[in-house]
Amino acid sequence: MESMLHITTLHYLVLGAALFLLGVIGVLTRRNVVIVLMSIELILNAVNLNLVAFSRMWGGLHGQVFAIFVITDAAAEAAVGLGILIAFFRNKETVNIDEVNLLKW
Amino acid sequence: MHEIIQYISSYLTSDKTPGAAGNMFWVLVYIMLVFAGLSVAVIAMNWLERKILAHMQVRLGPMRVGPHGLLQPIADAIKLLLKEDIVPSEADGFVFWMAPLIVVLAAFTVFVVVPFGPTHAITDMNIGILFMLGVSSLSVLGIVMAGWASNSHYPLMGALRSSAQMVSYEIAMGLAVVSAVMMTSLNASGTGTLSMIGIVQAQQAQGMWFIFKFFPLGLIAFFIFAVAMVAETNRAPFDLAEAESELTAGFHTEYSGFRWSLFFLAEYSAMIAVSSIAVTLWLGGWLRPFPNFLNGAPWDQAFCFIPGITFLFLAAMCFYNTMRMPKHPLFRVQTIGLAGFGVVLGLIGLVLFVPAVSVRVQDIFWFSTKVAGFMYVYIWFRGTFPRYRFDQLMQLGWKVLLPMGLGVLILTATVGLWPLIQQTIWHP
Amino acid sequence: MLIGGILVITRKNPVHSALALIVALLAQASIYLMLYAPFVAGVQIILYAGGIMVLFLFVIMLVNVERSMKERQFNSQWVVGIIAATALGGLFIAVYTKGNNIFPNHALRMTTGEAPNTQGVAIMLYGQYMFAFEIASLLLLVAIIGAVVMAKKRI
Chain A
4 MESMLHITTL HYLVLGAALF LLGVIGVLTR RNVVIVLMSI ELILNAVNLN LVAFSRMWGG
64 LHGQVFAIFV ITDAAAEAAV GLGILIAFFR NKETVNIDEV NLLKW
Chain B
27 MHEIIQYISS YLTSDKTPGA AGNMFWVLVY IMLVFAGLSV AVIAMNWLER KILAHMQVRL
87 GPMRVGPHGL LQPIADAIKL LLKEDIVPSE ADGFVFWMAP LIVVLAAFTV FVVVPFGPTH
147 AITDMNIGIL FMLGVSSLSV LGIVMAGWAS NSHYPLMGAL RSSAQMVSYE IAMGLAVVSA
207 VMMTSLNASG TGTLSMIGIV QAQQAQGMWF IFKFFPLGLI AFFIFAVAMV AETNRAPFDL
267 AEAESELTAG FHTEYSGFRW SLFFLAEYSA MIAVSSIAVT LWLGGWLRPF PNFLNGAPWD
327 QAFCFIPGIT FLFLAAMCFY NTMRMPKHPL FRVQTIGLAG FGVVLGLIGL VLFVPAVSVR
387 VQDIFWFSTK VAGFMYVYIW FRGTFPRYRF DQLMQLGWKV LLPMGLGVLI LTATVGLWPL
447 IQQTIWHP
Chain C
6 MLIGGILVIT RKNPVHSALA LIVALLAQAS IYLMLYAPFV AGVQIILYAG GIMVLFLFVI
66 MLVNVERSMK ERQFNSQWVV GIIAATALGG LFIAVYTKGN NIFPNHALRM TTGEAPNTQG
126 VAIMLYGQYM FAFEIASLLL LVAIIGAVVM AKKRI
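Chains as they are written, first to last, in the working numbering: chain A, 4 to 108; chain B, 27 to 454; chain C, 6 to 160.
Hints are computed from structural coordinates only; laboratory data are not their basis.
There's no promise every hint is true.
When the alpha-carbon atoms are kept at most 30 Å apart in a straight line, the in silico BS3-like pairs for lysine-lysine are as follows [stated by the list, open to error]:
| # | chain 1 | residue 1 | chain 2 | residue 2 |
| --- | --- | --- | --- | --- |
| 1 | C | K157 | A | K95 |
| 2 | B | K425 | C | K157 |
| 3 | B | K77 | B | K353 |
| 4 | B | K77 | B | K105 |
| 5 | C | K17 | A | K95 |
| 6 | B | K77 | B | K109 |
| 7 | B | K425 | C | K158 |
| 8 | A | K95 | C | K158 |
None of these values were measured; they are calculated from a predicted model.
Model the full assembly from the supplied sequences, consistent with the hints where possible.
This is the structure in structure tokens:
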């Protein structure tokens, strides 16, 4: 019973991996571009969780600093991604990824 | 019985907030007290706003419901509760229901770290000010959801405008907050703190409220924060999003009855919350005026009398107005009501003269007085300034307040580190 | 948090997905608090839940939602997607079971105390990682200009 309640690093890593998998499924299977972008945010969050869990395990703060950089990065990428989405939507009137096929033969 | 008294006195002599001491029972008591106090404050704000606005516009305001309209907020609350709850048919049910909930939650959760005294806070987080800024930025989400879920274009426009305004002024607020937090690090060990209680204690240790520090930098930072906080809570003169003549009440057009009262509650609570931030960061929190300049026991004693004197003054005003009531049998109930209210206030004032109570109440009283002053300034702004157009509003936020905030930040850092810079430049 | 994540990828209405993501982000912030990282939790709430999600909600409102809700939700390649994700999951499980011994003791070690967490992060951010900090600010500047250029009507 005591070893069951002890939350180890492994638990956090498994949670991070599960979130990562959910994000990957979201990116690969959804058609709506906005939901794909949100799944990318889920992936980045899973990575952050891993980083902070390891930083706690080893006792240093490097993981947390890197997690702050990842959050900043995610903000920048979300902004640019949504800008591209708006520019594309203005031309094509749809948010379907399947129809982003202007380069198709 | 003896155990209860011992338990209470063991709490009263501790020097940590209940959250830090891990004391769940007192945490719950404090949460109840803060919740009740907030509700009373919002009700009082409703009455005060209508009366003060009216007097500024040379009219009388509500006079009929109770003596001098004192029961008007209660009448408003009963009306709102009994109104029919209209949900638009095309509206998204879940989002429509969640939106006022999120705004209210965000507005009330902020009060977890507000310090009413050195040990009178629900808890004292190490990242207190960061937590407050973060949670108050969650209310933007609620407003966007409210506007979208109503499924009609007036609320949508109002919500988009309102959230754009709130996000823009959050940045100016953050810069002003950072420049005040930097001033906490000017102590002996060179480390500052983000915790709210720590910030007030830094002001106490440095002997000066941060608004007067490095004159005029503290004042400019305070001014930036004051303007940004009025814009953040969508109050006049920045209330384009909810102005009646512009957008038919903006994002809460489709909400009626109890849901609208939740938005109203959240707006006033947010006002009190950001005023608490301003009071803690610049005006010295719970410290009485001149904590270090006029220090010493006799001055402490003299300042101890002020809470009692305030309440006795309010009771005297009640009695004076009782005298001036028209002597007509129809007004008898109101006259008796006003006299009763005056008696209650007088009793509270007399209780506050008892030394044991007065010493405990000092911190809370000074904090509440300063926040009440801010509330008066809010109402004053509403009665005085014309409304900003939306592009003027955004221009003010991005082109005026943001550079000013950056400038204040850099100058505060430079002036604060001046000895170190001097040392580095002139004695390399 | 897992429920939030599952709701993100399965809801038809993008606004519901955004709300589920907000729930997941707030849950993430509380997990950071459990991991003794209060500063990262505060930054997560301010930036992610209070900033990025507002941006997402704006864009969802600008983009026409009704039409996309009536179309098919899932891709034509969803089978391959699920198979790929399962393979990835299998890889993760393999890594975690094989590499179980490299975690010296499974208990979590304390960091340098709770009070100076913000200080420690700040010392590291402005000391050791100063270069990365400047590069991150430059990246944000580029992102701002890029987003403005992307969304303008005429360049």
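Evaluation of the provided hints:
1. C:K157 / A:K95: 16 Å, holds
2. B:K425 / C:K157: With a Cα-Cα distance of about 20 Å, the restraint between K425 of chain B and K157 of chain C holds, given a limit of 30 Å.
3. B:K77 / B:K353: Distance ~23 Å between K77 of chain B and K353 of chain B Cα, so the pair holds.
4. B:K77 / B:K105: 19 Å, holds
5. C:K17 / A:K95: Given pair K17 of chain C, K95 of chain A holds - Cα atoms ~21 Å apart, limit 30 Å.
6. B:K77 / B:K109: 25 Å, holds
7. B:K425 / C:K158: Given pair K425 of chain B, K158 of chain C holds - Cα atoms ~22 Å apart, limit 30 Å.
8. A:K95 / C:K158: 14 Å, holds
Every hint, counting from the list given before, is met by this structure.
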